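There are 2 protein chains.
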Amino acid sequence: MKRTEITELYSKTAELSGKAVTVCGWVRTIRDSKALGFIDLNDGSCFKGVQIVFEANRISNFTEVTKLNVGSALVVTGELVLTPQAKQPFEIHADKIEAEGLSSPDYPLQKKRHSLEFLRTIAHLRPRTNTFSAAFRVRSAAAFAIHKFFHENGFVYVHTPLITGSDCEGAGEMFTVTTLDAENPPRKKDGTVDYSQDFFQKHTSLTVSGQLEAECMAMAFGKVYTFGPTFRAEKSYTQRHAAEFWMIEPEIAFADLQDNMKLAEAMMKYVIKYVMDTCPDDIAFFNQFIDKGLVDRLTNVVNSDFACVTYTEAIEILKKNNDKFEYKVSWGSDLQTEHEKYLTEQVFGKPVFVTDYPKEIKAFYMRLNDDGKTVAAVDLLVPGIGEIIGGSQREERIEILQQRMKEFKLNEENYWWYLDLRRYGGTKHAGYGLGFERLVMYLTGIANIRDVLPFPRTTGTAEF
Amino acid sequence: MKRTEITELYSKTAELSGKAVTVCGWVRTIRDSKALGFIDLNDGSCFKGVQIVFEANRISNFTEVTKLNVGSALVVTGELVLTPQAKQPFEIHADKIEAEGLSSPDYPLQKKRHSLEFLRTIAHLRPRTNTFSAAFRVRSAAAFAIHKFFHENGFVYVHTPLITGSDCEGAGEMFTVTTLDAENPPRKKDGTVDYSQDFFQKHTSLTVSGQLEAECMAMAFGKVYTFGPTFRAEKSYTQRHAAEFWMIEPEIAFADLQDNMKLAEAMMKYVIKYVMDTCPDDIAFFNQFIDKGLVDRLTNVVNSDFACVTYTEAIEILKKNNDKFEYKVSWGSDLQTEHEKYLTEQVFGKPVFVTDYPKEIKAFYMRLNDDGKTVAAVDLLVPGIGEIIGGSQREERIEILQQRMKEFKLNEENYWWYLDLRRYGGTKHAGYGLGFERLVMYLTGIANIRDVLPFPRTTGTAEF
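Each protein sequence line maps, in turn, to chains E and U.
Numbered per the UniProt record's numbering, the first sequence spans residues 1 to 464.
Numbered per the UniProt record's numbering, the second sequence spans residues 1 to 464.
Bear in mind the hints are in silico, worked out from the structure with no lab data behind them.
Everything numeric in this text was worked out from a predicted model, so none of it was measured.
Careful: at least some of the hints might be erroneous.
If chains are identical, the list can't say which one is meant, so a pair holds when it fits in one copy or spans any two.
BS3-like, lysine-lysine: derived pairs with alpha carbons at most 30 angstroms apart [stated by the list, open to error]:
#1 K319 <-> K350
#2 K273 <-> K87
#3 K362 <-> K292
#4 K67 <-> K34
#5 K12 <-> K148
#6 K19 <-> K373
#7 K341 <-> K96
#8 K262 <-> K12
#9 K202 <-> K188
#10 K2 <-> K112
#11 K273 <-> K2
#12 K188 <-> K148
#13 K148 <-> K269
#14 K148 <-> K273
#15 K235 <-> K148
#16 K373 <-> K111
#17 K148 <-> K262
#18 K235 <-> K324
#19 K12 <-> K87
#20 K202 <-> K235
#21 K319 <-> K2
#22 K406 <-> K373
#23 K48 <-> K262
#24 K112 <-> K320
#25 K262 <-> K2
#26 K148 <-> K48
This is chain E alone, in the form it adopts within the complex (with noise of 0.2 angstroms):
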């Protein structure tokens, strides 16, 4: 058996018309009246699904055919046949149906509307939802063009470890991994647990970033960039964070915040690009029934060159509009959400940098700015969702350094090789770190991110 993908059924349409084609998919939906039949057949290798015809006068087992449950797993081999006076281009007359598995009719994708909630009960299904159909293979896609982007510009790809026994942001709580038996542990003369016992013999927990051990790789091969899992053990119930999540960070040598930023909108406007150009369908099913103003929103982002503003100077214009915020601001304090939408929809109407942060807001190894008081941080506001990159050019000066690990509480006995990278031919030196899954929901609107994760792990949940 030669089996034919849906989506060569329609890259090679007239190559096939009036051959006999197979198609293997799964039923979306089934009807029939007397001696006629419709299946709308999907195999996911596409967004689109093909129309079978069958006719009791054309196939040996109708009946049985008719009394298929949707869902369930066919064989199909027939005719295709152009219809240009229909909806769909082309339809399979069907010569031979066979049920390669069968479904119940309990099956709980039925042609209906499923709420997103309910269909997260059942995520070992709902890949075979449109919408999750269209999700995955967006979040596919849009995975390849980082790492074809990253590779076409000459970056090395590193796995950075995922168990680690230092925390890079000095903050972020984290999972703890262990072997000890909980029930009960090792433990020193002092009572306390004792993890030289442990499987690493010391705590370890999940990373929160791999940024560190990319700097390494960097002061090595001058441009890397990870792309992998990390976590975050926060409480948390908002639609925006999930316990564990995937990450890309690049790192570049010799570079400072401006490469860095020329960095990050080629790579945004690449993969923006990529991802409409490959996944057009499913982004026009986004732009139809998630979010109508995905595709400009989209474009525009291709199309514009990305603004740029201070922090300081961000201050100032969101002061003056203070009477929009639930959050008043005033130098010194976060960004919230509010104000970094207001900033990139309002103010600029395109995705904006905002650069040079107060020092007390941000991690130990940004770069200390010669104010003594800011810090060469970058973050990256886009419309629909706020901040969707956050950088940095990273302290290069030993003693700078060391100092402001001192104001983090942070033990340097633990960075002995962090600190090495600035004894050893340290560079200037700048990356950033894309959140994965909100590069996602901002491809397709969608607004929680528990759907743009097959398998999401968030606050009390870790099914499947």
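Since the structure of chain E is already known, use the hints to place chain U on it.
Relative to chain E, chain U alone:
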């Protein structure tokens, strides 16, 4: 400053000849005599460095430059001069040398051979050596080749969760993931730890495989693959096992064991060819210094049709040679590396698939063959390493799957969603797992898994 990467100097030599270029990189070696000096500068953009020639009468800071330590980061501007008589095709005659970052005299990577063991203790610096620069460049290229192969073939890339409430293999020791206070965890009335108060309201672990979740996705998209980290908490001090490693797991619907083998063979050849084509200098280095037979072996794999033998046939062959083995084989015994290597190296002289293993030594989800004794499993053995891929056709018949789960003492309730896949349009399907580090070892000839992971996590070790 317009920076030119060293890889560009090699790809555009003719064009740049006689022109002024600016290169940024790190000093590998430096030497001088009176008014003339030479620096081997490397920027990690390719395996090779570039020779910088500096003269007292051409640069203003000659004396300072002669005092630079190995490892220093430099920005060098000078003329690219062809050197047809010399070993290297060109050199740069410096007009300006700026020290972007100094290095100390105690820089650990002085020009001499360092043991791999020593270099593991400075994993943050070792990517600056030839061996590790090449290893991680090959790793990056291989990762991209995998993504490229699957995307070109219409697979959807899926991120399966790392934190899990179930244990895929029903075996394999796992790391616990928790936010409970180890010193004083909440306890139930019976005194045992109360995981309902843990972050996910139950006991969770780090996954050993994304396969079961990938099967869900394959039943929607037809062809999917995972590429992500997996974990084993087994205490092991071998050269082949790490606690954290990356794995690729494709899963294909409407496919049997033969389709699975075709896919594995095509993927292996594609990835090897891609890496040989894109990293010729790195591979040549490994062939010269690490593993003399490397290029021949890889070329042989690309050009050969993989052999195929059943487990039962393989046992017959091996039994005749039992005198050669430490572990004697008989039908029912698991194959050890010595047997695997004998088969692929001595018997077949090329990669060989071994199929249809006894059901007792394989996982519960593998499809039971009609003989009732074996399952539709397949391992791919390659010369020099033994098993590199393990896969199977999956059991799609729910009654048999349930029976197998009973035999493995698995609790059906934990696998309700996995069983659902067989209730609702299940198809025959198959897949395999490729250990990514094992692939990189195979591509480089590097013998220890600690030397193909940037920051390895092994029993007792989670430094950096």
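Results for each hint:
In this assembly of identical chains, K319 and K350 lie within 30 angstroms of each other by CA distance solely inside one copy; the values are 20 angstroms within and 71 angstroms between copies. In this assembly of identical chains, K273 and K87 lie within 30 angstroms of each other by CA distance solely inside one copy; the values are 28 angstroms within and 44 angstroms between copies. In the homo-oligomer, the alpha carbons of K362 and K292 never lie at most 30 angstroms apart, since the shortest distance is 35 angstroms inside one protomer and 51 angstroms across protomers. Proximity of K67 and K34 under a CA criterion of 30 angstroms is satisfied intra-copy only: 13 angstroms inside one chain copy versus 93 angstroms between copies.
In this assembly of identical chains, K12 and K148 lie within 30 angstroms of each other by CA distance both inside one copy and across copies; the values are 26 angstroms within and 22 angstroms between. Taking CA atoms no more than 30 angstroms apart as the test, K19 paired with K373 passes in neither setting, with 72 angstroms inside one copy and 43 angstroms between copies. Taking the shortest alpha-carbon separations for K341 and K96, neither the intra-copy value of 55 angstroms nor the inter-copy value of 46 angstroms comes in at or below 30 angstroms. With identical chains, the CA atoms of K262 and K12 are at most 30 angstroms apart between copies only, with a shortest distance of 24 angstroms across copies and 40 angstroms within one.
Taking the shortest alpha-carbon separations for K202 and K188, both the intra-copy value of 13 angstroms and the inter-copy value of 27 angstroms come in at or below 30 angstroms. Taking identical chains as interchangeable, the C-alpha atoms of K2 and K112 are never at most 30 angstroms apart, the minima being 33 angstroms within one chain and 58 angstroms between chains. Taking the closest pair of Cα atoms, K273 and K2 come within 30 angstroms of each other only across two copies (27 angstroms); inside a single copy the shortest separation is 34 angstroms, beyond that limit. For a Cα distance limit of 30 angstroms, the shortest separation of K188 from K148 qualifies neither inside one copy, at 50 angstroms, nor across copies, at 51 angstroms.
For the homomeric pair K148 and K269, the shortest alpha-carbon distances inside one copy (13 angstroms) and between copies (20 angstroms) are both at most 30 angstroms. Taking the shortest alpha-carbon separations for K148 and K273, both the intra-copy value of 12 angstroms and the inter-copy value of 18 angstroms come in at or below 30 angstroms. Taking the closest pair of Cα atoms, K235 and K148 never come within 30 angstroms of each other, the shortest separation being 35 angstroms inside a single copy and 37 angstroms across copies. Taking the shortest Cα distances, K373 and K111 never come within 30 angstroms of each other, neither inside one copy (59 angstroms) nor across copies (42 angstroms).
For a Cα distance limit of 30 angstroms, the shortest separation of K148 from K262 qualifies both inside one copy, at 17 angstroms, and across copies, at 26 angstroms. For a Cα distance limit of 30 angstroms, the shortest separation of K235 from K324 inside one copy, 29 angstroms, qualifies, whereas the shortest one across copies, 58 angstroms, does not. For a Cα distance limit of 30 angstroms, the shortest separation of K12 from K87 inside one copy, 18 angstroms, qualifies, whereas the shortest one across copies, 53 angstroms, does not. In this assembly of identical chains, the alpha carbons of K202 and K235 lie at most 30 angstroms apart whether taken from the same copy (25 angstroms) or from different copies (15 angstroms).
For a Cα distance limit of 30 angstroms, the shortest separation of K319 from K2 qualifies neither inside one copy, at 66 angstroms, nor across copies, at 39 angstroms. When the C-alpha separation of K406 and K373 is checked against a cutoff of 30 angstroms, the pair qualifies only within one copy, where the shortest distance is 16 angstroms, while the shortest distance between copies is 65 angstroms. Taking the closest pair of Cα atoms, K48 and K262 come within 30 angstroms of each other only across two copies (28 angstroms); inside a single copy the shortest separation is 37 angstroms, beyond that limit. For the identical chains of this complex, K112 and K320 are neighbours neither inside a copy (48 angstroms) nor across copies (63 angstroms), given an alpha-carbon limit of 30 angstroms.
Taking the closest pair of Cα atoms, K262 and K2 come within 30 angstroms of each other only across two copies (14 angstroms); inside a single copy the shortest separation is 47 angstroms, beyond that limit. In this homomeric assembly, K148 and K48 come within 30 angstroms of each other (Cα to Cα) both inside a single copy, at 26 angstroms, and across copies, at 24 angstroms.
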